[in-house]
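Taken in sequence, the protein lines are chains E and H. Residue numbering for the first sequence follows my numbering, beginning at 1 and increasing consecutively. Residue numbering for the second sequence follows my numbering, beginning at 1001 and increasing consecutively.
Heads up, a few of these hints could be off.
[Stated by the list, open to error] Partial list, derived from the structure: chain H residues whose beta carbon lies under 8 Å from chain E:
no. : residue
1   : Y1132
2   : S1136
3   : L1138
4   : F1142
5   : W1146
6   : V1234
7   : A1327
8   : G1338
9   : T1339
10  : I1341
[Claimed, not checked] DEER-style ranges, computed between Cβ atoms:
no. : chain 1 : residue 1 : chain 2 : residue 2 : range
11  : E       : L115      : H       : P1367     : 37 to 47 Å
12  : E       : D138      : H       : I1309     : 19 to 29 Å
13  : E       : R104      : H       : V1318     : 31 to 41 Å
14  : H       : N1212     : E       : L115      : 23 to 33 Å
15  : E       : E2        : H       : I1052     : 49 to 59 Å
16  : H       : M1228     : E       : R104      : 27 to 37 Å
17  : E       : L115      : H       : F1168     : 45 to 55 Å
18  : E       : G202      : H       : L1126     : 36 to 46 Å
19  : E       : L115      : H       : D1016     : 32 to 42 Å
20  : H       : V1204     : E       : F252      : 38 to 48 Å
21  : H       : W1048     : E       : G191      : 55 to 65 Å
22  : E       : E296      : H       : P1174     : 43 to 53 Å
In short, the hints are calculated from the structure, not lab data. All residues carry an ideal CB built from backbone N, CA and C; glycine is no exception.
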Amino acid sequence: MEVLTTILSQLATIFSTDPIGGMFTPFGMETLIAGMLSGIMYSLVGIGFVLIYKSSGVFNFAQGTMLLFAALTYVSLTERQVNPVMAFAITTVVMIIMGIIIERTVMRPLANQDLLSLFMATVGLNYFLEGLAQGTWDSAVHGLDLGIPSDPIFVADVARETFGWESPWFDILVSKFDGFAALTALIMVGGLYAFFQYTRTGLSLRAVSDDHMAAQAVGIPLSKIWAIVWAVTGVITFIVGLIWADRLSVSFTLTWAVLKGLPVILIGGLTSIPGCIVGGLIIGASEKLGEIYFAELFGGQGIEHWWAYLTALVFILIRPTGIFGEREIERV
Amino acid sequence: MYYRETGQNVSSYAEDRRMVPVREDRWIMWTFLAIMFFVVPFWANDYWLSAILIPIMVLSIATLGLNIATGYTGQLSLGSAGFMCFGAFTAFNLLFRVEWMNIWLAFLCAGIVAGLVGIIFGLPSLRIKGFYLLVSTLCAQFFAEWFFNAYPWFLNYTSSGVVALPPFHYRFLPFQDQIFDFFGLEKDYNAYVWRYLIALIVTVLLTVACKNMIRSSTGRNWMAVRDMDIAANVIGIPVGKTKLNAFFVSCFYTGIAGAMYSYCYIGNVDFMIYNLRRSFLIMFMLILGGLGSILGSFLGAIFVYCWPILVTRFGDAVFGGGTLDTAFVENNSKIIVGTIIVLLLIYEPMGFAGLWNTIKHRLRIWPFRT
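The shape of chain H in the complex, shown without the other chains:
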């Protein structure tokens, strides 16, 4: 009774073009954003920020990036972590070497560099299709891992291969020092609150941008190419250009996610963490969340990231702390995740997003049944 689109008529084109057409959805969205921006930073402790909220946002953006290439344009990619690596290293080198650089510009450049690399590795998609394209993206993945290992300049010749990011890298406000002095705040710029806010702003901006791209001609072209590229070509969609811009946007998102992964989440730069396993993890998030759905990217990231934590917590609560072997937990959560993937593909091919839509639909017509 409280959630109905019935009777919400539009009377102008501006209203018709609204991003969120249902009034109740808008309320929910604004409330949610207000809580995320104004309540969470004051209320949440460092554990929640550093181990739950920030990684979820970062991984969601990475999943969204993969979603644009795989879910919306149908180009299979297993190189997400490689593109994240390019993003992270671009941001690090810019902030480290350029005096006047701020973190927003560095993230933007990280996205652009990763996007350009993405175009290079996406070029073969003009000629090859389907599974054969895996070669190109896997090549990107292994190339990234090798590249930053072979050229230590990018890591400022650190022998350990890991650089911890110092607080002065986090330049997110103009006149930051003066402002912090004025309000009498402590000058640890890499505190989790600031990292959280940076990640939140980037996440919101990128999500809104993605939503709008999807419902514009760009997104429609992507989906046409995904559904059948020959048919798309016949009706006059430039298939090659569409594929390449999908690769650019996809890797732009993934690159920014990589920069966020380093800056907001783990706080150091290290090419070892951007390995193939991470690419697969992002792939899982996408499959479980649902291909071709923005909400799905978030749900998938939340599930895959939180699942092992939940299992461990649950095990500790039931069997007492420390009795469960980590290998046991890991193996079983693998078995369960694998089962869930297969079951979802059989019963709900659209993933959690599809599940969510089904539930919503059922509730809407309740007490009647479909």
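Same shape as in the complex, but just chain E:
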């Protein structure tokens, strides 16, 4: 009983405006916003996942390794005195070629197999790329600085100078880096939306994602579409990889970015790009708030690894296909 009352009183403090342990305070706000912005980083990883899942029904586990591969290629090239623009171009081409090769050698022979085999194939691909990336270059830790500013902005200053607003609620710091990541995500999602809605290829992509066989029946070249998707995903993954690498440095740990992206896309729904952004916001916020306010309930720090998954689990239990995911009607 006593344990229960302590927990309840702790919970009551968390959901209050109490300046020390309460969530509804400027500090709580700051945590929330910082969390949401850092969640955008996870959304970025998720976009690649969703693109491939949407168009081919493949749950691409190799996403994290593709990220590492791209970032490592770029970094290694620049370290060998290739100028950054050139290195960027080369890596982009490499990623496009890789996408096409993957389609040719892995996806095409496995077309119309069940989803589990396709997933397993990407697990194999993951292993292959892991070996390839570290075998071609090396497994050392590389620093990468793209010159993205990482100093925080004090919101109260901005609010006072531009709008003349004053409030204790503006006493929060926002990282410029996270803002930059959010902007990239916005541009990417906007671009992809336009691509899907207003181009002929985008139309075919949507058709393929609806139903492979029907799309093939009306004459859409499935393998060409898949090659395009894998190539586009490769390039997006490269850009995301650069942003992640700037924050974390390039090393094997980058592949674990995938594990951060996973709950995000599952919350948003595996087939929805906007869902991916929303999922990122939710996971990011929940992770930060959980770390600061709820960790004590469990008597220890470091809950963030499973907390994100728990959050995702709660959302999925309410909506089994994510917030924006398509609900499939199953027939016998």
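Place chain H on chain E using the hints.
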């Protein structure tokens, strides 16, 4: 000519229900078991026992556990190492804290505790399907790693996070001290021979149990749910109950594998080794071996475990010892394993077990071709 099921007729229901229906297979099985029980303990040295045979058995059981959930019931799981962790810690705490506990009972409890944890994390499977279920099992994985880190009581407050298992934990016989005195044996109960025999007995029991579950109504329900759960529901199979008991049995096996991993293989308890990488390794063993095949679980475990050893040995033999960089070997074996996975999925989706069946079939009708 020597291996034919033709002409082996059954004349009673008991014979019809035999686990191994072909006479030659039974001979092979008994010979194999006799060698494993009576020849290997005397002949094999510590290297073979500790670095090849024990880990293969332990990992095979873990793979078998995953096979029950993923291969037979179609529930994707990436939390195997987490459940192994629960098993290992249960066995350790029981043997450490309970005076009269013996290793068999501790393993059983390890399985049951891991199984119950498995049911908790399997509950979402009633509502969510497919890849969305990864969330639940990954949550289990990370929760296990965090849990045993956050509550050091389970490790008896050891600051290093690793506890070496003392010999007195290995209580596998009644009146063990007296028996060892009587035969004049040395009392190092954690010698590899004893560990090997413990692992072997557990492996045989669990494999036989699994084989029998698969060919009973339990197993048929699992497979019906895997093939199509709506159809299974329509013909009256309780889908929810089937999924949960699959999770229980799967995690029961994995938990025991975890306890064996600590007790029989590495000889210490440590939550760091039960990380996500190990879950993936078990997943690879399952894929390469073949989903939904007991033999496949063993073949997959043998291949994935022995492959790096073989590569290193081969490299040493060809290029001379120590010239090959470990990173080089590791990267290349990753590339090759990845290639093999993809190739197997394309040409032989049932893994090594499927390959084995194809070869068997080809040989049987030789010199004709399929």
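*Determine which of the earlier numbered hints do not hold for this structure and return their numbers in increasing order.*
none
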